[in-house]
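Number of protein chains: 2
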Amino acid sequence: MTRRDFINRTSAAYAGLSAWGLLQPAPAQAFDLPPLDSAQGRKVLILGAGLAGLSAAYELGKLGYDCTVLEARARSGGRVWTVRGGTTETEQGGPTQTSQFAGGLYFNGGAARIPHNHQLTLQYCRELGVPLEVFVGANEAAYLFNEKAQGPLNNRRMRIRDYHNDMRGYTSELLAKALDQSALDEKLTKEDVEKLIDFLKNEGDLNTAHLYKGTNRRGYKIDASRPVYADGGPGAGANPGTLTDPYGLTDLLRSGFMQPVFYNVGEYTYEQQTTLLQPVGGMDAIAKALEKKLAGKLVFNAPVKQLRKTETGVRVVYERDGKPTELAAEFCVCTIPLPVLKNIDSDLSGPVKRAADFVPYIKTGKIGLQFKRRFWEEDDGIYGGISRTDMDINQIWYPSFGFMGNKGVLIGYYNFYSRAEAVASLSIAERQKIALEQGAKIHPQYAAEFENSFSLAWHRIPYSEGGWALYDDASRRKFYPALLEPDGNIYFAGEHTTYLTAWMAGAFTSARRVVDAIHSRVGQYTQK
Amino acid sequence: MTRRDFINRTSAAYAGLSAWGLLQPAPAQAFDLPPLDSAQGRKVLILGAGLAGLSAAYELGKLGYDCTVLEARARSGGRVWTVRGGTTETEQGGPTQTSQFAGGLYFNGGAARIPHNHQLTLQYCRELGVPLEVFVGANEAAYLFNEKAQGPLNNRRMRIRDYHNDMRGYTSELLAKALDQSALDEKLTKEDVEKLIDFLKNEGDLNTAHLYKGTNRRGYKIDASRPVYADGGPGAGANPGTLTDPYGLTDLLRSGFMQPVFYNVGEYTYEQQTTLLQPVGGMDAIAKALEKKLAGKLVFNAPVKQLRKTETGVRVVYERDGKPTELAAEFCVCTIPLPVLKNIDSDLSGPVKRAADFVPYIKTGKIGLQFKRRFWEEDDGIYGGISRTDMDINQIWYPSFGFMGNKGVLIGYYNFYSRAEAVASLSIAERQKIALEQGAKIHPQYAAEFENSFSLAWHRIPYSEGGWALYDDASRRKFYPALLEPDGNIYFAGEHTTYLTAWMAGAFTSARRVVDAIHSRVGQYTQK
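Just so you know, the protein sequences line up as chains A and B, in that order.
Numbering (our numbering) for the first sequence: 1 to 528.
Numbering (our numbering) for the second sequence: 1 to 528.
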């Protein structure tokens, strides 16, 4: 029984369940297109061994199609890429870097987290036996560092918990005051207002007078005279701990924390809310698990040079050991990112070529920094999560694995747009310098503990040339539709053909969509 | 160099760092009391092999003391207890239960999470080589279920994310309105108000008119007609996803969510903020690692029957194979929980006896439910975290390990006070029945997937007889001080001798405190 069948059969029950809040999305499951004799052995050429290409080949293979995947790189995964000791990359116009990370250390250079609500990604992990662990996104112990504002709290680090609790405290206090004064002409009864104030008292940890005067949620003062057996907060014996003082509301407001870089993305955004997950050992475990299912079907080091529609399907010329090599097939699934596709000699239709030319991709970069010691854990109590700053480094990511290990790799910057462009344009050594200098403002331990680094800029990495497709309403209207229709027998997949851009789930759902499209064409059924 | 020395030496630098927010608590480290010849071989009798007793023996052993630990149970750990297949327990007046959990499945019956700011606990994990993984506390995908209120949203489950985002939305809207109307006589400049409104717009995801009309942070509608390749939210092709509708503010206010059971404890409380950690494989890994360091020093199945002060120290009578056995020592560290201590024949001082008699301990219980299938992950996208309800089951905890396994054990209730008392007073079968019936209101899959259970009530478990010490201001004043002084040569340790009651960190800090007290007495130095 397919999910569709299940839903159709139970639509009355469905309405009832929904009313009681008992309904959830039917769980994602193994893809279940109808088997077709006519599909057996039909040739499909897949361009790109990122997750879209790999999963398309995997699903088409299950249905009996004869797939070949051409991959320009020596590895699969595309923007799902884990950087370990020995990993090597040469950016456009750049020198070759080889990672010197110690054994067991890594960072995910591209996709780095799986939202718990991305069912397709989780389904593939389940189906392929990829073990998952928690990825820590929101971490109240991480820091904010605001350099550019000219306020009283700028140019210093602040625990995220302090900012969050203070702002919740003050806003709750202000609203409670407005409600106490009946200043709001709302359709709330007296009883409603009482309940709302109860909510605010807890939300902001207000005192009995409905004032915010600080909270133990901020933690405790560091007491230099504390006994050796205590650990900074409340402890044994006569040691109840000393509360910290809140920042002032106007100090917070005048220190520039209202800009997007400091938004509470990790707690609020749908795709970043707890719980997030990651494959144990690196994100490329997903690509590797798919690769295992495609033995003999992948051709690496095979950059596509020409893409042609023919009377019987498609013809592709790719480079193999420096020589042009030709392959023909009935169908093609093209997952090549648009900035790369636009430079391939093809007879793609005008609308597709325009999409390739004009859909912008984000500029984004990361650097992995290896340190001798996991000082962020040992000294700062930071286990995973993200610090945020308006400096060029933008975000520091702490690893969500290998806790308490001897060494560690953190992501010293994860930046976007002009920040990413500025940093990426520097030499490898200068990128490292910026990461260390700016990072040291948050973590003074950087200087003493640093060992080596590996940086990357997706917009300069061959065969990607960007982080992900950046649509706005206009480009969705103008360019996106062309990518949803087959151009002859060429179908397009990849995150750029979805509303889940930037996410692995986009790659997967796009692959299922084109597999369904090809299969329904072959089988002459209506695409599901 | 001790931490104290470090701090003394650097106090000028410290002040400077502090001003810039660069200071953090010095990291916890291995306990570093001065070695003393006079300590060598002196006998210390430790009562109780919970974390306080184990760590006291471990630290005293490092200093050369000759320790013996008497433990009433057949196992170490006390209230640090992991229930696995084969685990057995007999509550007072109850039958013997033996867990039937499948291999690899377990739940932590007592202590179950390590706050990232409990440095001592983390230090012991580091020092003892106990590997840690993330414990998911706050999970926006988990549910709230309000049964008793008579409001429009009661008696149905609600995703925590929906409640949080709606309340943030409405309260931000209300405050923005009050600010727009200058209804608040605050010392905020016009510019401050603009910034605060910027904050509120993001905090509540308000529209340009400063109204809350729902948010994509709540996720997407379930579209029964969605294509098979999509997963419920936005997806490939022409599938941008459909937003959900917010609940009404008055509906929320009138449905009883303002009571403590629904407080956002997991995100706000200092000890429960992200990141939380747990030992891989079960919390008892900490006790087992300490046990390894104490070979030959532990006597199990040795309940203490008498505790006497003597001229040369202490004398203890315990039961061994049904016979009274005697041990003498110079010092004693008594970690026995007060409800157990009060029934031991002793010549403890009046104030200590009164503390034992009158400090209340919390009643609390848990049940582990084994299911055939991890439906909370597969169907609901819940990976770890806690659902909350005003039903007797109070909390449902989802495991933060073994994701995507075939079977799973979740904690079907974790309750306190009268709820715990009511459920604990039932038979084992009736406890299971309540857990299944009430839990099924949140997870209808319970009935089809249930396999077996194991329940416990700490207030009925011999040698614990309670969850943890429950002090209020009055009992801190009246009873607590007696536990901080040695009674003759008897020292008291355990979470009940700290301001970290209920936490493992309390046990550890209390152990260090008494070790320091004994050692300073022996060495005639001033206790640190």
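Keep in mind that the hints were calculated from the coordinates and are not lab data.
There may be inaccurate statements among the hints.
All copies of an identical chain are treated as equivalent in the list; a pair is satisfied when it fits inside any one copy or across any two copies.
What the hints assert, rightly or not - Quick list of in silico lysine-lysine cross-link-like pairs, DSSO-like style, CA-CA up to 30 Å:
id, residue 1, residue 2
1, K478, K309
2, K478, K221
3, K441, K293
4, K372, K297
5, K201, K148
6, K177, K292
7, K190, K297
8, K62, K372
9, K297, K407
10, K372, K201
11, K187, K221
12, K187, K177
13, K148, K187
14, K305, K292
15, K433, K478
16, K407, K353
17, K433, K297
18, K62, K441
19, K297, K201
20, K305, K407
21, K148, K190
22, K292, K433
23, K201, K177
24, K213, K190
25, K407, K288
26, K323, K407
27, K478, K288
28, K201, K213
Do the hints match the structure? See the list:
For the identical chains of this complex, K478 and K309 are intra-copy neighbours only, at 24 Å inside a copy versus 88 Å across copies, given an alpha-carbon limit of 30 Å. Taking the closest pair of Cα atoms, K478 and K221 come within 30 Å of each other only across two copies (26 Å); inside a single copy the shortest separation is 57 Å, beyond that limit. In this assembly of identical chains, K441 and K293 lie within 30 Å of each other by CA distance neither inside one copy nor across copies; the values are 47 Å within and 41 Å between. Proximity of K372 and K297 under a CA criterion of 30 Å is satisfied in neither setting, with 42 Å inside one chain copy and 37 Å between copies.
Taking CA atoms no more than 30 Å apart as the test, K201 paired with K148 passes between copies only; the shortest distance there is 22 Å, against 34 Å inside one copy. Taking the closest pair of Cα atoms, K177 and K292 never come within 30 Å of each other, the shortest separation being 62 Å inside a single copy and 58 Å across copies. Taking the closest pair of Cα atoms, K190 and K297 never come within 30 Å of each other, the shortest separation being 70 Å inside a single copy and 65 Å across copies. Proximity of K62 and K372 under a CA criterion of 30 Å is satisfied inter-copy only: 28 Å between copies versus 47 Å inside one chain copy.
For the identical chains of this complex, K297 and K407 are neighbours neither inside a copy (39 Å) nor across copies (35 Å), given an alpha-carbon limit of 30 Å. In this homomeric assembly, K372 and K201 never come within 30 Å of each other (Cα to Cα): the closest approach is 45 Å inside a single copy and 42 Å across copies. In the homo-oligomer, the alpha carbons of K187 and K221 lie at most 30 Å apart only across protomers (28 Å), although the nearest pairing inside one protomer, at 43 Å, exceeds that limit. In this assembly of identical chains, the alpha carbons of K187 and K177 lie at most 30 Å apart whether taken from the same copy (17 Å) or from different copies (14 Å).
Only between protomers do K148 and K187 lie at most 30 Å apart by alpha-carbon distance; the minimum there is 25 Å, versus 42 Å within a single protomer. Taking identical chains as interchangeable, the C-alpha atoms of K305 and K292 lie at most 30 Å apart only when both belong to the same chain, with a minimum of 27 Å there against 64 Å between chains. Taking the shortest alpha-carbon separations for K433 and K478, neither the intra-copy value of 42 Å nor the inter-copy value of 59 Å comes in at or below 30 Å. Proximity of K407 to K353 under the C-alpha cut-off of 30 Å is found in neither arrangement, the shortest distances being 48 Å within a copy and 50 Å between copies.
Proximity of K433 to K297 under the C-alpha cut-off of 30 Å is found in neither arrangement, the shortest distances being 43 Å within a copy and 54 Å between copies. With identical chains, the CA atoms of K62 and K441 are never at most 30 Å apart, being 53 Å at best within one copy and 39 Å at best between copies. Taking identical chains as interchangeable, the C-alpha atoms of K297 and K201 are never at most 30 Å apart, the minima being 62 Å within one chain and 51 Å between chains. For the homomeric pair K305 and K407, neither the shortest alpha-carbon distance inside one copy (43 Å) nor that between copies (49 Å) is at most 30 Å.
Only between protomers do K148 and K190 lie at most 30 Å apart by alpha-carbon distance; the minimum there is 21 Å, versus 45 Å within a single protomer. In this assembly of identical chains, K292 and K433 lie within 30 Å of each other by CA distance neither inside one copy nor across copies; the values are 39 Å within and 46 Å between. For a Cα distance limit of 30 Å, the shortest separation of K201 from K177 qualifies both inside one copy, at 11 Å, and across copies, at 20 Å. In this homomeric assembly, K213 and K190 come within 30 Å of each other (Cα to Cα) both inside a single copy, at 26 Å, and across copies, at 24 Å.
Within a single copy, K407 and K288 get their C-alpha atoms as close as 26 Å, and across copies as close as 26 Å, so both meet the 30 Å cut-off. Neither within a single protomer nor between protomers do K323 and K407 lie at most 30 Å apart by alpha-carbon distance, with minima of 44 Å and 53 Å respectively. In the homo-oligomer, the alpha carbons of K478 and K288 never lie at most 30 Å apart, since the shortest distance is 36 Å inside one protomer and 64 Å across protomers. With identical chains, the CA atoms of K201 and K213 are at most 30 Å apart both within one copy (12 Å) and between copies (24 Å).
Of the numbered hints listed earlier, those contradicted by the structure are 3, 4, 6, 7, 9, 10, 15, 16, 17, 18, 19, 20, 22, 26, 27.
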